[in-house]
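Each chain, written out:
Protein chains: 2
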Amino acid sequence: MERISSSRCFGGEQMVWKHQSRALSCDMRVAVFTPPREKHGAGPYPTLYWLSGLTCTEDNFTVKAGAQRVAAELGMMIVAPDTSPRGDDVPDLEPKTYDFGKGAGFYLDATQAPWARQYRMYSYIVDELPKLVAENFPADAARTGIFGHSMGGHGALTIHLKNPDKFRSCSAFAPIVAPSLVPWGRKALSNYLGPDEKDWAPYDATRLVADRGASKAHILIDQGTGDQFLAEQLLPEIFAAAAQKAGQKLTLNMRDGYDHSYFFMASFIDDHLRWHQKALA
Amino acid sequence: MERISSSRCFGGEQMVWKHQSRALSCDMRVAVFTPPREKHGAGPYPTLYWLSGLTCTEDNFTVKAGAQRVAAELGMMIVAPDTSPRGDDVPDLEPKTYDFGKGAGFYLDATQAPWARQYRMYSYIVDELPKLVAENFPADAARTGIFGHSMGGHGALTIHLKNPDKFRSCSAFAPIVAPSLVPWGRKALSNYLGPDEKDWAPYDATRLVADRGASKAHILIDQGTGDQFLAEQLLPEIFAAAAQKAGQKLTLNMRDGYDHSYFFMASFIDDHLRWHQKALA
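Protein chains in written order, with my numbering: chain A, 27 to 307; chain B, 27 to 307.
It is possible that part of the hints are untrue.
The following residues of chain B were derived to be distant from chain A, with all beta-carbon distances above 10 Å [to be verified]:
#1 Ser-33
#2 Gln-40
#3 Arg-48
#4 Ser-51
#5 Gln-94
#6 Arg-95
#7 Gly-101
#8 Tyr-124
#9 Thr-137
#10 Asn-162
#11 Phe-163
#12 Asp-222
#13 Arg-238
#14 Gly-252
#15 Ala-305
#16 Leu-306
Here are some chain B residues pointing at chain A (derived, C-beta under 8 Å) [what the hints assert, rightly or not]:
#17 Arg-34
#18 Cys-35
#19 Phe-36
#20 Gly-92
#21 Lys-122
#22 Phe-255
#23 Tyr-284
#24 Ser-287
#25 Phe-289
For lysine to aspartate or glutamate, the following EDC-like pairs were computed, each having C-alpha atoms within a straight-line distance of at most 16 Å [stated by the list, open to error]:
#26 A:Lys-192 / A:Asp-166
#27 B:Lys-213 / B:Asp-225
#28 B:Lys-128 / B:Asp-85
#29 A:Lys-44 / A:Asp-85
#30 A:Lys-90 / B:Asp-85
#31 B:Lys-90 / A:Asp-85
Hints listed in this document are in silico derivations from the structure and should not be mistaken for laboratory results.
Just so it is clear, CB atoms sit at the ideal spot from N, CA and C, and this is done for glycine as well.
Modelling step: build the complete structure from the supplied sequences, incorporating the hints.
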């Protein structure tokens, strides 16, 4: 791994690293925050993976969410990867659309040409990245959680539900919870996975919790009521209903007037970090 | 004024507005944060003007500094303007450089062609913007402070020192304190104000405090020791020496290992807001 940048931040260190990804067959960037050594020792630290939404890179969460303050206080590491494979060789739609292809990997392993070779964000997040992180940073594999926003909330929920022992805690801001039912999800899943909707189930949080049953975690979701995507793309009540039926512990906070932006996430990021810390203690 | 955007943030409201500026003869954007009405009433609120550094717009501080959390707690308003006149009609160097022209107004009133007509950020910040803010927002003119970063730290210091009753409190992150002596400042001042260095004194914080004496305020400066611009462009010790000689109250915190980025500012923004609140109480 090659270090691209490093800045002191709340006594810890906010870094960006570059590495060659085998899963994705391209160079990838990943942002890593480590908490203050003076205060929390040399680790290993409880570690959260943050998955970003459509159009984002490793940068958005890192500069906008304000998570480092409480991560520094609590002694947590945060790993924020990019949202898709990158590079001129990576296929994309022509013309480019914001909700598919680069910047929109949907945290799945594609099966359809031309996407199947490089759009393998599920394997990247679940297998390759944790290994890389374990080799290079003082992360505590036994205390690892996952969270994300919008498309990344979908990623966090589905990855947690399929890997509850690896990513033990889970939370999301304004997640896509039922991609099989909404335009963003249907476009992504049909292109990446083909037209048979049976094949979409492993990447649909609502179907996963119905098919596989509850995880041991208590999932936290925050959703703004002023979110412009709430009614058409997000539909958290569908997941809440499936969770209730499956016995999945879930707290869904509807936040009055908040929109889909990082101003919303910054307002509640502290709660999420403390929620994970408690769950991973 | 026309509202461009509004997002709920920590219970308050983060907005961006557009307006026609008389001082600058162009349309300008300005970001305004108002604190939670439920908690702090309808105002008027103590108000801080934030001046950004080179290359920035009204957006950088707003999305990166994390100031809204404590502003919401303390009940303060924050006004973050752009850093220069904007638009295709506004003159600039050909080819464009990052440290002069658009994005680099240096918070002065230019006297030299072709800059003198529109590069009038000093008048904009000191006269036009506070009037506009008073007409459109619940700002408390009697409790107004100013702060900024780098070029904006220079702006905050010089504007405070010349208008200590209007901008009663003042702080800065990594400010340019002696522009007459450093490359960024010499380039800007010679182009905007002409070659006679006597004419630069009103826009040089170190010369201002020496020439005019101390303000009543206790100025706060935070400076990272890992700042890549510290030795060539910033030189806070020069201002500290002039302040001491003039009896200007100053706290200069040298912050071990911090760089010039918003990661540094986010780490100490709470201290600055609390400092202003106390000074304006």
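10 Å cut-off, C-beta based - Asp-222 of chain B kept clear of every residue in chain A: Consistent with the label, Asp-222 of chain B stays out of reach of chain A, its closest Cβ about 40 Å off (over 10 Å).
Looking at Arg-95 of chain B again, its CB stays over 10 Å from all of chain A? Non-interface label on Arg-95 of chain B violated, nearest chain A Cβ at 7 Å vs cutoff 10 Å.
Separation of Gln-40 of chain B from chain A, once the least beta-carbon distance is taken, above 10 Å: Non-interface label fails for Gln-40 of chain B: nearest chain A Cβ at 5 Å, not farther than 10 Å.
Restraint: Phe-36 of chain B near chain A, CB-CB cut 8 Å. Satisfied or not? holds (5 Å)
So, as I understand it, the hint says Cys-35 of chain B touches chain A; can you test that by seeing if any CB pair is closer than 8 Å? holds (4 Å)
Distance rule for Ser-51 of chain B, whose beta carbon must clear each one in chain A by more than 10 Å: holds (32 Å)
Taking 8 Å as the limit, does the beta-carbon of Arg-34 of chain B come near enough to a beta-carbon in chain A? holds (5 Å)
Can the restraint linking Lys-213 of chain B and Asp-225 of chain B be considered satisfied, given a maximum Cα separation of 16 Å? Within the cut-off at roughly 14 Å; holds.
In terms of Cβ atoms, is chain A entirely out of 10 Å range of Phe-163 of chain B? Holds, since 18 Å exceeds 10 Å.
When you look at the beta carbon of Gly-101 of chain B, is every beta carbon of chain A farther off than 10 Å? holds (16 Å)
Any CB of chain A closer than 8 Å to the CB of Gly-92 of chain B? With Cβ-Cβ at 4 Å, under 8 Å, it holds.
So if I understand the rule, the pair passes when the alpha-carbon distance is 16 Å or less; does Lys-44 of chain A with Asp-85 of chain A pass? With Cα atoms ~13 Å apart, Lys-44 of chain A and Asp-85 of chain A stay inside 16 Å; holds.
When the structure is compared with the earlier hints, violations turn up for hints 1, 2, 5, 6, 14, 21 and 22 and for no others.
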